[in-house]
Amino acid sequence: MLVKRAPDLNYKDVTPKGAYANRRNFLLGLLATTGAVAGWKKFSYLVSGPGTGSVPVKLNGVVKGPYSTDEKQTSFNDVTHYNNYYEFGTDKGEPAENAKNFVTTPWSVSVEGEVKKPRKFTMDEILKLAPLEERIYRHRCVEGWSIVVPWIGYSLSTLAKLVEPTSKAQFVAFESFYEPKQMPLGVSAGIELPYVEGLRLDEAMNPLTLLCVGMYGATLPNQDGAPVRMVVPWKYGFKSAKSLVKIRFVQTQPPTTWNIANAHEYGFYSNVNPNVDHPRWSQAKERRIGEFLRRPTLMFNGYADQVASLYNGMDLKKYY
Amino acid sequence: MNSIFTSKWTKVVVFLLCLAPLGMLVLRAVQGRLTANPIEFITHTTGDWTLRFLVITLAITPLRKILRLPQLIRFRRMLGLFAFFYACLHFSTWIGLDKFFDWTEMWKDVQKRRFITVGFAGFVLMIPLAITSTAGWIRRMGGRRWQMLHRAIYFSAIAGVIHYYWLVKSDVRKPLQYAAMVGVLLAWRLGSWIYGRGERVTAGNAAQREITTAESA
Chain Y
1 MLVKRAPDLN YKDVTPKGAY ANRRNFLLGL LATTGAVAGW KKFSYLVSGP
51 GTGSVPVKLN GVVKGPYSTD EKQTSFNDVT HYNNYYEFGT DKGEPAENAK
101 NFVTTPWSVS VEGEVKKPRK FTMDEILKLA PLEERIYRHR CVEGWSIVVP
151 WIGYSLSTLA KLVEPTSKAQ FVAFESFYEP KQMPLGVSAG IELPYVEGLR
201 LDEAMNPLTL LCVGMYGATL PNQDGAPVRM VVPWKYGFKS AKSLVKIRFV
251 QTQPPTTWNI ANAHEYGFYS NVNPNVDHPR WSQAKERRIG EFLRRPTLMF
301 NGYADQVASL YNGMDLKKYY
Chain L
1001 MNSIFTSKWT KVVVFLLCLA PLGMLVLRAV QGRLTANPIE FITHTTGDWT
1051 LRFLVITLAI TPLRKILRLP QLIRFRRMLG LFAFFYACLH FSTWIGLDKF
1101 FDWTEMWKDV QKRRFITVGF AGFVLMIPLA ITSTAGWIRR MGGRRWQMLH
1151 RAIYFSAIAG VIHYYWLVKS DVRKPLQYAA MVGVLLAWRL GSWIYGRGER
1201 VTAGNAAQRE ITTAESA
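The listed protein sequences correspond, in order, to chains Y and L.
The numbering of the first sequence is my numbering, which starts it at 1 and goes up by one.
The numbering of the second sequence is my numbering, which starts it at 1001 and goes up by one.
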């Protein structure tokens, strides 16, 4: 059967060449603009670099503490612009910029759990609890770089004695501050937050274990864990929780953030150990920030005299 | 509009733009602003740009077809060679600055660390493509065989993305962005292969045509 009908399209329906070309130009323009905007943002960051971060306040009456190394200290600028603080971004330069407006006053730390006298310490109380000591420690990141930092604080055991842990206390759990409003990048950090860490009680009570309130003669800059953080120098850096809000004495081994994220790669102990590799990279050497060649990593980050006895008889390959 | 794509000056401009990331690194080096860990920064920047150029190179063919701009083919070889250029910088940073030419240690790493194994494989795969990127090689090999060989770029791009994904500690957003881009670009090829069998002018022929026109021009 033959159906006759008028063609539904004729010449006048053809899109004019100009309009057709315009659409193409529009698409191209859109592509170019998007690219340019993204490119400019990146470019301006690359050219101007990250921001300066918060301004620390000088701490008075700081005495020289024990265990200090006489190695060359890493520059303040490097220690404040090369940070792992995932709540403020996963790029090393991001925390300096994004932690600028982090509100750290008022601040208090709740010390609780298996203790006779649980209590909250205000930041003022923490600063006056004991003479502040300067301790120049090596700090080794699990990623294979290291720094030397003049921290300020006192042994965590000083604070622990005030709350009187009971005989049930076997471990200490630390919790960092987390508020998505102030730390919007936390959701994409790829780790569960708030950040939690933990130590065995004897590790926590070792005099090397520092409750830290400052560095380089002043209070902690925001991106370095203000206003109060842990420093556990013989363990990889991630064991030293920043911006502490809670210290809890507990009976059983507490969960720890990186172990939750990847138990195969990050153990509870995470002692610095050149003989036990990270599954993806060697831990035998490290790059000291400011130096060109890698240097050998020391057992327990050079603190074997103080802490090796804590692990007598333990298989450190198994308990990595 | 067309003249923009066919002008020889465009090629010069694109060439200079492709050098901008290197220029940025040099500028920052001169200013002493390569961050606290310059070697890591250089490694990451050159690695990033290798992936970006791989993605841009892979985007040429789909863009040519979708935007009906066959002239874009003129830029493909240059962009691919820039991907290789930044891969070379990335690789030599690792060998020279990071491992300080310790070949034994480097070879141990290649065998032992899977993210290095896959990255190394992706890089090695690019070498024959760079060598055979000239007009002479296209002629010697013939368009079809040449094109077959140059499909290896798909594997280099995939290897590059896996290399990056296996390297990061927890924040996988950036590697996943690259994975998405490479995925879309490869899926487009798969789709056009399934739907357009037989009727297409092969990219190899197009490349050959480009060379011929370039030579006769």
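Hints are computed from structural coordinates only; laboratory data are not their basis.
Please note that a few of the clues may not be correct.
DSS-like, lysine-lysine: derived pairs with alpha carbons at most 30 Å apart [what the hints assert, rightly or not]: (1) Y:LYS285 - L:LYS1065; (2) Y:LYS100 - Y:LYS285; (3) L:LYS1174 - Y:LYS72; (4) Y:LYS317 - L:LYS1008; (5) L:LYS1065 - Y:LYS318; (6) Y:LYS317 - L:LYS1065; (7) L:LYS1112 - Y:LYS318; (8) Y:LYS117 - Y:LYS72; (9) Y:LYS117 - Y:LYS168; (10) Y:LYS64 - Y:LYS168; (11) L:LYS1008 - L:LYS1174; (12) Y:LYS318 - Y:LYS116.
Stretch-level coverage of chain Y by chain L, calculated; a stretch enters the list once three of its residues show a Cβ under 8 Å from a Cβ in chain L [claimed, not checked]: (13) 186-192; (14) 242-256; (15) 306-318.
Quick reminder that beta carbons are idealized off the backbone N, C-alpha and C, glycines included.
If any of the earlier hints don't hold here, list their numbers in rising order.
Failing hints, ascending: 1, 2, 3, 4, 5, 6, 8, 10, 11, 12, 14, 15.
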